[in-house]
Amino acid sequence: MKQVHRRWSAVLLAATLVAACGGDDSGSSDASGSPSPTGVESSIPADAPQRIVSLSPSHTEMLFAIGAGEQVVAVDSLSTYPTETEAVLTDLSAFEPNVEAISAYEPDLVVISDDSSGISGQLAAIGIDTWIGLAPTTLDEVYEQIAELGVRVGRVEGAEALVADMSSSIDEIVSGAPALDEPLTYYHELDDTYFSVTSNTFIGSLYSMLGLRNIADATEGDTDYPQLSAEFIVTQDPDLIFLADTKCCGVSADTVAARPGWEGLTAVTNGNVIEMDDDIASRWGPRVVDYLRAIADAVAGVVG
Amino acid sequence: MTAPVPAPTATVSRRSWWLVIATALLALAFLFGAMIGPAGPAWWRVPLELLDRLPFVSVDSGASKLQSTVLWQIRMPRVVLAGIVGAMLSLAGASFQGVFRNPLVDPYLLGVAAGAGLGATVVIVVNRASTQSWPVDPLPLAAFVGGLVAVLLTYLVGAAFGASKASATLVLAGVAVTSLATAIQTFMLQKNSEVVRQVYSWILGRLSTATWDDVRLVAPYVIVSGGVLLAHRRLLDVLRIGEDEAQSLGAPVDRIRLTVVVAATLGTSAVVSVSGLIGFVGIMVPHLIRFLAGASYRRLLPLSVLLGAAFLILADVPGRILSDPAETPIGVVTAFIGAPFFIVVLRSRQGATR
Numbered sequence: 268m269k270q271v272h273r274r275w276s277a278v279l280l281a282a283t284l285v286a287a288c289g290g291d292d293s294g295s296s297d298a299s300g301s302p303s304p305t306g307v308e309s310s311i312p313a314d315a316p317q318r319i320v321s322l323s324p325s326h327t328e329m330l331f332a333i334g335a336g337e338q339v340v341a342v343d344s345l346s347t348y349p350t351e352t353e354a355v356l357t358d359l360s361a362f363e364p365n366v367e368a369i370s371a372y373e374p375d376l377v378v379i380s381d382d383s384s385g386i387s388g389q390l391a392a393i394g395i396d397t398w399i400g401l402a403p404t405t406l407d408e409v410y411e412q413i414a415e416l417g418v419r420v421g422r423v424e425g426a427e428a429l430v431a432d433m434s435s436s437i438d439e440i441v442s443g444a445p446a447l448d449e450p451l452t453y454y455h456e457l458d459d460t461y462f463s464v465t466s467n468t469f470i471g472s473l474y475s476m477l478g479l480r481n482i483a484d485a486t487e488g489d490t491d492y493p494q495l496s497a498e499f500i501v502t503q504d505p506d507l508i509f510l511a512d513t514k515c516c517g518v519s520a521d522t523v524a525a526r527p528g529w530e531g532l533t534a535v536t537n538g539n540v541i542e543m544d545d546d547i548a549s550r551w552g553p554r555v556v557d558y559l560r561a562i563a564d565a566v567a568g569v570v571g
Numbered sequence: 216m217t218a219p220v221p222a223p224t225a226t227v228s229r230r231s232w233w234l235v236i237a238t239a240l241l242a243l244a245f246l247f248g249a250m251i252g253p254a255g256p257a258w259w260r261v262p263l264e265l266l267d268r269l270p271f272v273s274v275d276s277g278a279s280k281l282q283s284t285v286l287w288q289i290r291m292p293r294v295v296l297a298g299i300v301g302a303m304l305s306l307a308g309a310s311f312q313g314v315f316r317n318p319l320v321d322p323y324l325l326g327v328a329a330g331a332g333l334g335a336t337v338v339i340v341v342n343r344a345s346t347q348s349w350p351v352d353p354l355p356l357a358a359f360v361g362g363l364v365a366v367l368l369t370y371l372v373g374a375a376f377g378a379s380k381a382s383a384t385l386v387l388a389g390v391a392v393t394s395l396a397t398a399i400q401t402f403m404l405q406k407n408s409e410v411v412r413q414v415y416s417w418i419l420g421r422l423s424t425a426t427w428d429d430v431r432l433v434a435p436y437v438i439v440s441g442g443v444l445l446a447h448r449r450l451l452d453v454l455r456i457g458e459d460e461a462q463s464l465g466a467p468v469d470r471i472r473l474t475v476v477v478a479a480t481l482g483t484s485a486v487v488s489v490s491g492l493i494g495f496v497g498i499m500v501p502h503l504i505r506f507l508a509g510a511s512y513r514r515l516l517p518l519s520v521l522l523g524a525a526f527l528i529l530a531d532v533p534g535r536i537l538s539d540p541a542e543t544p545i546g547v548v549t550a551f552i553g554a555p556f557f558i559v560v561l562r563s564r565q566g567a568t569r
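Residue numbers (my numbering), protein chains in the order written: chain A, 268 to 571; chain B, 216 to 569.
So here's chain A without its partners, still in its complex pose:
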């Protein structure tokens, strides 16, 4: 993690750039999908990694969005976005990484989001560098990671452009959000046993940016991922219900309405049970812009 400090200069650089170009884009987040948002094809440093293995879906999205896609030789089994990853999709596991399997791709850099299994030490022992981007808690940390990653893989300009694009889109969404006298309340559902998130989490911070109030904050427990009781959710009667369990657990607005005792909820009767994309909700890649926009649209639907 010593590398982190050395990269601060890059972060600051990116941040100044963000401030300078704020609001230059029309707000489209297609940066998330396209491999090189601003057509950056400038030469990358000769010592930049050419054989990157990414074991983190969030960072895979970042790598492709900053134009480093062609340097990626393998991604883990869950890195399914953007569609370009198909060519390099492997069976490698992000949760149970196997050094031998990784080394078979002869990487010069391995990108991970979690080193709890000690994989970086094992990789170092066979001379392979590792870059770790831990799960962030704020949007600024996401920008920092993109900038850091850009420096590490020799795509500084691509990273700067992506950060600038994301932050201007996000500024636009936030400033365009209606001011509410009474903050709307919401419940973010992680699975069908009512696990949720508090505002301390990264995903929770996105809702806070739009002035929403999280019913799960009442738990005040030591976990940011509490399992709420159904009685509590129903009694709180949140204005909005966001389903981040549409893929994992097949939950939909219809199945929520069919839950006993839930049929009379404000969000259900007003059609404000919003089906989100589980993948985006659990990652912190460029598509957080899309997620934030989906929240803003839902809010606009309530205020309507």
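Simulated from the structure, these hints should not be mistaken for laboratory data.
Where hints are given, some of them may not hold.
[What the hints assert, rightly or not] With the C-beta cut set under 10 Å, the calculated list includes, among others, these residues of chain B facing chain A: (1) G252; (2) E409; (3) P540; (4) F557.
[Said to hold, decoys possible] Label pairs and their computed distance ranges (CB to CB): (5) B:V351 x A:D564: 32 to 40 Å; (6) B:I399 x A:D489: 32 to 40 Å; (7) B:P262 x A:D504: 56 to 64 Å; (8) A:A525 x B:V559: 42 to 50 Å; (9) A:G531 x B:L263: 18 to 26 Å.
Glycine residues also receive a C-beta, built at the ideal position from the N, C-alpha and C atoms.
On the provided structure of chain A, position chain B as indicated by the hints.
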């Protein structure tokens, strides 16, 4: 002529005395469970709400419509399901302990838990999203079938190799099948680590999402299984003297064992399929009753039903309010309350016999 007469009368009255106490405890536990929760009507309104539901009784409890919904659609099915699950697990545990003549046996002995866990894992891995529109939720179904198949396998293995010491072989076969199913489950989780949390939350127990549908789903199995087990309580008493001895007295030991295992497995699989794996109830409650009311199965089995239900209903209450408005998994609570309580009882009993 006068001597033998008082004895049966005393036995009968003593047994019914225990039953009355246990029934009263269950009623209190039910009421308490219905009154306590993170939301819903004020606790003192709940008895009024319950009275209001009785035929020919109309009481205004003063609870709002929302509070009434919380009570009847969310809390009551949970309390009732906890009761059913607790009753079934402790009855099955007591019966298993009787038929295997082993005090350390629990209802999961022959592989029900591991089989059900494997079944649930398969459905979750295969992706529940695509199965959500099915007319029957495949998750409890797979858990139920998984539990039954595991025990069937155990029985076939046990029967194939153990003619003489049938019970011991069966227990060992259960250990083997449990390990096998657990290994397959672990392998599947390793290959699909993204579903670990879902499987984990299934294993920890799912009383928190109980509905009346769950109650309707398990009730028939539990009634049949419970009826068969209770009908065998006298035969289990005969078995207490030993398998060979019981055989020589004319008791059909093999048939009793098969019937009890089938009935207990059916009931256990059914409750596990909706509640997940709730430990400790099946082993602790029967032992507690043995300490308090003696080891006769004629008393033990009915009391296991009543007190098992009462125990799990009460154990679920801290789960609801301990970290209000968040949940504490029921499996954690049963062991956390159960283990120290068990030790205290064990200790006081040792003191008494010394």
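Evaluated hints:
1. G252: Holds, because the Cβ-Cβ distance from B:G252 to chain A comes to roughly 5 Å (cut-off 10 Å).
2. E409: Where the cut-off is 10 Å and the nearest Cβ of chain A is about 6 Å from B:E409, the hint holds.
3. P540: With Cβ-Cβ at 3 Å, under 10 Å, it holds.
4. F557: 27 Å, violated
5. B:V351 x A:D564: 32 to 40 Å: 35 Å, holds
6. B:I399 x A:D489: 32 to 40 Å: 34 Å, holds
7. B:P262 x A:D504: 56 to 64 Å: 26 Å, violated
8. A:A525 x B:V559: 42 to 50 Å: 45 Å, holds
9. A:G531 x B:L263: 18 to 26 Å: 22 Å, holds
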